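Visitor: Each chain, letter by letter, is given below.
There are 2 protein chains.
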Amino acid sequence: MNRELNILEQRILKEGIVKEGNLLSVDTFLNQQMDIELFDWMAEEWKHRFEGYPIDKIVTIEASGIGIACIVSIHLGVPVIFAKRADHLNLDDEVYTADVQSYTHKRMTTVMISKRFLNEGENLLLIDDFLAHGNALKGLISMADQAGAKITGIGIAVEKGFQEGGQLIRDMGYPLESLAIVESMDPASGKITFR
Amino acid sequence: MNRELNILEQRILKEGIVKEGNLLSVDTFLNQQMDIELFDWMAEEWKHRFEGYPIDKIVTIEASGIGIACIVSIHLGVPVIFAKRADHLNLDDEVYTADVQSYTHKRMTTVMISKRFLNEGENLLLIDDFLAHGNALKGLISMADQAGAKITGIGIAVEKGFQEGGQLIRDMGYPLESLAIVESMDPASGKITFR
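Protein sequence lines, in the order shown, are assigned to chains W and F. Under our numbering, the first sequence has 414 at position 147, and the numbering climbs by one with no breaks. Under our numbering, the second sequence has 382 at position 115, and the numbering climbs by one with no breaks.
Think of the hints as simulated: they come from the structure by calculation, not from any bench. Heads up, some of the hints might be wrong.
Which copy? The list can't say, so a pair holds if one copy fits it or any two copies do.
SDA-like cross-link-like pairs, simulated, lysine to any residue; straight-line CA separation at most 20 Å [as the list claims (entries may be wrong)]:
hint, residue 1, residue 2
1, K324, T295
2, K373, L290
3, K373, A353
4, K281, R383
5, K382, V285
Just so you know, these numbers come straight off a predicted model, no measurement behind them.
Starting from the given sequences, assemble the full structure and let the hints guide the process.
Guide: The structure is reproduced here in structure tokens:
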């Protein structure tokens, strides 16, 4: 690889921990401790990459996408909502739902977005921290489709390029901008390479 | 009540929906759609109320506290971490855990914070969206205690003043600053009063 690594990739190399089962722990800056300066850079990067795209609203999914999406909301100046796990008692009667197979949790979760927050014809930017098999994105896409909203962009922090989610989402025709695409990672040596 | 309502209280009056079972839905600005300008005001308010208090780190709990805590992190200029549900496969071996009875979910959840992110002697500001029975806060306090960290302040957006959590936390001696304390709310009339 000849190009210079961006600051997210550098951070993954420095602090990411590769674990058995294709797991990449980035708890020190992305999904337990949250580095807001890094999120600022990520938001600016997506702002640049999606320049000229119509974006009315940012949509993410709990939990790790929320912090990132809030910072993107500041940079783009549009509202932000998140899909919630639908085990809540205070569910709206009027919700869109989708079943999401969590890669990390190894279980099925139903997520929901109130119908009040997704409108027909609205242009959505989906934001999430990780993309592996694409299940969370498929859930968000399903709810957007139910609402008749349009997904004009998808911003992912870390894509696991060796799993099928990225290809699948690109094949569906969505503009997908992953800020770091992990090409390979080895739990034995800890070595990580980027696309 | 003679005093002028603050902007969070005004927003609760305008958009909050009282439901059976002591539930208050504030999905339009706090815990599904997130109003970042409101979060900015909340962060500034806590910054003012906790002026002079030593704060090294902000700690919240997934999911609805995350967005608020990120904005507070920007305003206070200190790192932010969140306690995660401990059903994750990529758990660190070295974590603090606590069992939290969720009022909204009506079930017990184990949450965890990696030991790397809570240090002895560190001054913590706990942030969360709701305080009802205080179970989430008790979980965060337990993990802080396990680490030997000190809680110098607790910032809550909406406290249900008619439930016991606020009193319990104040009786434990923690400086608790709730930006809106709901004194009563009636699902039949929809009427909400503040302390």
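Visitor: Indicate, hint by hint, whether the structure satisfies it.
Guide: Evaluated hints:
1. Within a single copy, K324 and T295 get their C-alpha atoms only as close as 28 Å, which misses the 20 Å cut-off; across copies the closest is 13 Å, which meets it.
2. Taking the shortest alpha-carbon separations for K373 and L290, only the intra-copy value of 12 Å comes in at or below 20 Å, while the best inter-copy value is 31 Å.
3. Both within a single protomer and between protomers do K373 and A353 lie at most 20 Å apart by alpha-carbon distance, with minima of 17 Å and 13 Å respectively.
4. For a Cα distance limit of 20 Å, the shortest separation of K281 from R383 across copies, 16 Å, qualifies, whereas the shortest one inside one copy, 42 Å, does not.
5. With identical chains, the CA atoms of K382 and V285 are at most 20 Å apart between copies only, with a shortest distance of 18 Å across copies and 39 Å within one.
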